[in-house]
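Protein chains in written order, with my numbering: chain A, 50 to 488; chain B, 15 to 783; chain C, 29 to 188.
There's no promise every hint is true.
Said to hold, decoys possible - Residues on chain B that point at chain A, a partial pick, calculated with CB under 7 Å:
#, residue
1, 63
2, 106
3, 192
4, 194
To be verified - As a list, the in silico DSBU-like pairs of lysine-lysine whose alpha-carbon atoms are at most 35 Å apart:
#, chain 1, residue 1, chain 2, residue 2
5, C, 49, A, 191
6, B, 74, A, 129
7, B, 77, A, 459
8, A, 289, A, 129
9, C, 49, B, 467
10, B, 323, B, 425
11, B, 147, A, 458
As the list claims (entries may be wrong) - Computed beta-carbon distance windows for the label pairs:
#, chain 1, residue 1, chain 2, residue 2, range
12, C, 49, A, 318, 45 to 55 Å
13, A, 68, C, 165, 18 to 28 Å
14, B, 270, C, 47, 50 to 60 Å
15, C, 181, A, 91, 51 to 61 Å
16, B, 183, C, 44, 25 to 35 Å
17, A, 94, C, 44, 24 to 34 Å
18, C, 73, A, 127, 30 to 40 Å
19, B, 150, A, 468, 30 to 40 Å
Quick caveat, the hints were computed from the structure, so don't treat them as lab data. All C-beta atoms, glycine included, are put in the ideal place defined by N, C-alpha and C.
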Amino acid sequence: MADLVSHPDEVRVVSKRFGQGATSIDRYLALDGYKAVQKALGMQQDAIINEVKNSGLRGRGGAGFNTGLKWSFVPKTSAKPKYILCNGDESEPGTCKDRLIFEHDPHAVIEGVMIAGLAVGAASGYIYIRGEYRYLSEIMQKAIADAYAKGFLGKNIFGSGRDFEVYWHGGAGAYEVGEESALMESLEGKRGVPRIRPPFPAVVGLWGGPTVINNAETLASVPHIILGGAEWFANLGTPKNGGTRLFCLNGHLNKPGVYELPMGYNLKKMIYDVGGGIPNGRKLKAVVPGGSSCPLLTESEIDVPMDFDSLMKIGSMLGSGGLVVVDDSTCMVKFALRIMKFYQHESCGWCIPCREGTDWLKKTLIRFHQGGGIKKDIDNIQYLSENMLGRTFCPLGDAAALPTISIVKKFRKEFEDHLEGRPCPFEKAGTVERLPVFA
Amino acid sequence: MADAPKLVNITVDGKAVSAPAGTLLIEACKTVGIEVPSFCYYPNLSLQGACRMCLVRVEKMPKLQTACTTGITEGMVVTTDSDEIRQARKSMVELLLGNHPLDCPVCDAGGECELQDMTFSYGAAESKFIDIKNHRDEQQWSPVVYFDRPRCILCYRCVRACGEGMDVWALGVDNRGSSSTIVPNFGDHLECEECGMCIDICPVGALTSGAYRYKTRPWEMKHVGTTCTHCGDGCKTTLGVRRSDTGMEIVRGDNRDKSGINGDFLCIKGRYAFDFVKHEDRLTQPLVKKGGRVVPATWEEAFELVGKKFKEIRDRDGGKAIGVIGSTRTTNEENYLLQKFARVVLGTNNIDHHRTADLPAFASALHGKANLTASMCDVASAPAILLIGNDPTNQHPLLAWQIRNNVRLNKARLYIVNDSDIKLRRQAVQVAQVAPGKYNEFVSSGMGALAEKLRSEQGLIIVFGSEVTGSAVQALAKFAAIVPGAKLICLADYANSRGAADMGVYPDLLPGYFPVSDASKVKEWGTLPAQPGMAIPQMLDAAKSGSLKGLYVVGANPVGRLGVEPSALKNTFLVVQDMFLTETATLADVVLPAANAYEKSGTFTNTCGDIQIVKKAGEVTTTKPDFEMIVRIADAMGFDVHKLVPFGHGTRSDMGQSRGAQSGEADQHSVWLEAHGLEPKMNPFDPMATLDEIQRLVPGYDVSRIELAAGNDQHTAIEQMGPGATQDPSLIAPANNNLFTSGTLGRYSNTLNSVIENKNPEPTAVASD
Amino acid sequence: MKFSDQFEARLAEMVTHYPTKRSVLVPTLLFAQDEVGFLSDEVISEIAGRLELTELDVRNVISYYSMLTTKPRGKFNVQVCTNIACLLRGGEELMDHCEKKLGVGHKGTTPDGMFSLEEVECIGACSWAPAIQVNYDFHENLTTEKLDKVLDEYKKKGTQ
Ligand SMILES: Cc1cc2nc3c(=O)[nH]c(=O)nc-3n(C[C@H](O)[C@H](O)[C@H](O)COP(=O)(O)O)c2cc1C
Ligand code: SF4
Ligand code: FES
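For reference, chain A alone in the conformation it holds in the complex (with noise of 0.2 Å):
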């Protein structure tokens, strides 16, 4: 139902079947579909897990960390069941990738998560698709029938001996249900307050459980990795950064859309050849690199290719590869405080820097974009956020402080046009200021 794009660059591999009616498992199948897991099924356990450690595949979640190592961390036995769970919550500004593999492409998912249970031994996997995306829940569900259907889940997989079990389960709205502990809480029909680490869910998970948690186009990928092998996948992209990935172009661009890119590629690139530049003859101001947590980039920042090394070198992050691109109309005290709103809303409330500093740049920043901003606030909000990073129970603190800062430090100048009472430079003369609240 999203419109699918396409970029002479693009190299298909979680995308492979996008568009190829691969909802149908029968059509899935006939495009290489299960292949991939009935040729795990003949591998050892560690032969898995080193695949896709060599394969250079890092989580396509945010954290971007190796997934086979982390995989590797689950113990190899455990009194309690093992579990697989993927992070279908997607609720980042700016990502809106997932929804697409589960569009079209549901069975890869259940097929890595298969392949991750084969992996760490665990015989059954979630896959948590947020409360919003109702049609993608529906035609996950259906994806999953069809494979018990089929024989390929259930009882003595694919005539292994083996069994493995595949359940959707759904959120209701909740942006932090994505962290991946408060995601376990959740499934487990509770708050989404994340939980105390250590332990880290790959020793107790689940319902105590160890458990693999990993986001959807990460599990996405792994079936791709087990058929083309390692070597292949990692040399798609660059040293440590193996494959593609869906990146999300969006803001003030002449054709955003998903694309999937080599891990590595130009962001001016794709700024500008991928994302056909910039509309109206406007110039860039800034870049959200891959969601709206992540330190912002300026103009002369995004010579850069886009891997979790590069950009962290620069000072930000790949993130969930939701990148948006805002032009020089846009006023980033707004853009500042439209970020703080969704952090302040969506912040859990457990810790105080958090639930308390998100709350006060919020009201800060209103304040400020209204022209209510003294000089000292510009320090406040800056004092605020760092006295927010590190220091949180989870890293949503984190995500709301980052963004925070760089905004504050790279447009400084903007802040200052908006104090002593002068109107916003870039609103229209007179048009007064919406202030939502979230109630």
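With chain A held as given, fit chains B and C with the ligands onto it using these hints.
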């Protein structure tokens, strides 16, 4: 026994610390006197890591770590104080203060507020925020619980204390983010046990007590740690007192220093039900019957009259013509003194009290054995507990707390034998259902299906209620003897039921469960009546038939409780010492207004046999402690009070300045006196002199005086006492109090009544003493 | 209280998917809300009873999730995303337009009970911004003109 835990060595601020592996860093720091600040961390409650106050630097970790969730590992190097850490903590306080109403001047917690203290320590006084604070109006959740949401810092202590600690789960968290708020279980109100733990554990003034709010500033109070006067569990309750027109007024009860056997726990009664002391019906002057009605009299008149009449009856009709009914709420010293007075001065064994357990059978079952009784503290750590009868959640709230927390924290195994669906079944590993009234059979026939499991336990504590009596108690003791390390607890209901029994307030038993026929322990009292006297029902029959000419009732209400016809006592000279004009007192010839346990000194023995100090907190200057009244009556009878109270034996003293002085300092002073071997007992009204005699003459009571004076519990050994006796089981009548009732005292507690009315608008019958 | 057979069948199956009963809570609440319109006291007590939870516990969970509501909403819940990707492409204009057209603000419901309006966080339509969701249906790449059409269709559907 499990293997001793492996010790690991860490360095904290340059100090070497070793503690068992996995110990929380915050606790390990405490062992070397380093306090890491926290709001959300609370010992024995689940970990939260929410307030981020405890951030410390652990070497090799990229971020600051929460000391409250970090288990120590070998070689850890930790810094708990540095500019970076101070700044982190300061910013947490700043953020909290952002939305916190700075109404400290009128806040109940002002001066006792952890947020204030933290602000003082980390200096976040300058506000960076100029935006409007989030505000919500205060809510009343129950007659005793108020919630002021803006003051709440969301440490979740209340939620955990109520859920994990109390197993009530009446508090939750609604919404998320900055809209998060603590909510009660029924939308706008609470339905719970009203224990008030949430209020006590709240680090700020978000939860406040309906009984205390806006009464005083904390620093205007003195704090007296004493023993609760309600049930038989003996919680320490700290009473906040303040000067008033009539003496000293109690304005608050809590357990602020957590130093009692109850740790964090207090039930509604221990916390709020001190208000009977200032009930408008409280008697404040002696009353004497003249021409058919009682009129106010002076103390001299009253004592003279009582002394004259008692002497007259004794000299004319003999001691047998006088009866004495003692109390389950007076101190050990008073109980001891009362029975000594009956036996020595009145020359009678007609003395009894409201019995709620078969303690004489318990004494005989354990006679001559050793280490067979458990203390209240043991219940919190025993590997297994067997509970026979009773409903501790309602009748022994502290015991229930100890059991629950032992199960929760140490995975203790709880076995239950009961006829009804008591709440503790939730914690039990195995339950044996018995028919009502069939407990004795169950126990005597060897514990049915539970027997095998129980026998495989080590260190089992067997707790039994008034359902188990007579030879079944013997059977239980025999069973305990075959379970390695097993110990027993016999449940008696009132604050000093156990003390009354131990002190010999029985017609057939002397102090320490020696039969009246064997007075060898108390030879120094002279000749005593050797025949057992009458129990309460017989005394009342004798009064009816005219053979009982005098009846002395101290802190009891037999008429109210036994439904005696008022006319039965019309020819008996009746003296009643009480706080209120009870059904019994209304019939009296002389009524003497008594002080209660919160207004005097002495000791209580709880149901487990743990003796604890009772300290004077409040005071109504126109009343007298029962102790003094007994001595004065003896004196009025012409008896040499030196033979009753061994006062003034000390060779050195502080010249009497210590007792009777204001609470607080006096108590500290008594510790000092004990420690220096000085004796304050210079007057005949000093119960400590009688305690000396008790400790000398009652086996098993020779506990450390200094520990006692310092407010610590000391376990007495009923095993060392006399051989006990068989008692008529029909004389045992359980108090049947629940969480919100407390016999006569409860009837005069407005707080308890308001809670009962709030729960149940229909009037309910309330048990009386 | 009675739910549809479909609801019952789904619940009966779902509880077999997890080792604990309460694990079904979040999706079950959403399904119940879809049927009843909102999570009424009756629904809450029913679900609490079935899953052996206290009502408090269920309410605490409900209030955590922004899609769950204990208050009735319009037949069509118009959810306008104004998060960054939509913001840059006219999300706020859509919200303003809805407010004017429907005559209600954030979390308001039209007097006829047809529409309710809500400003929401990112709904995962960033590359097709600006976007709204009406109940569970996405409407993307909107302009105010397209939005008018969308709303008119719903109105038609609702009055049929
Ligand atoms: C506040 C927060 C929200 C998150 N939301 C998501 C999400 O919506 N989807 C996702 O896959 N990961 C999300 N993550 C990352 C997950 O915690 C986790 O790292 C990820 O699911 C692991 O999978 P991966 O290794 O395959 O990336 C979020 C993390 C945080 C801190
Ligand atoms: S449990 Fe008993 S002793 Fe403790 S506070 Fe309550 S009534 Fe008093
Ligand atoms: S005490 Fe450690 S976070 Fe609160």
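Practice item. Enumerate the violated hints, using their earlier numbering and listing them in ascending order. Key: 10, 14
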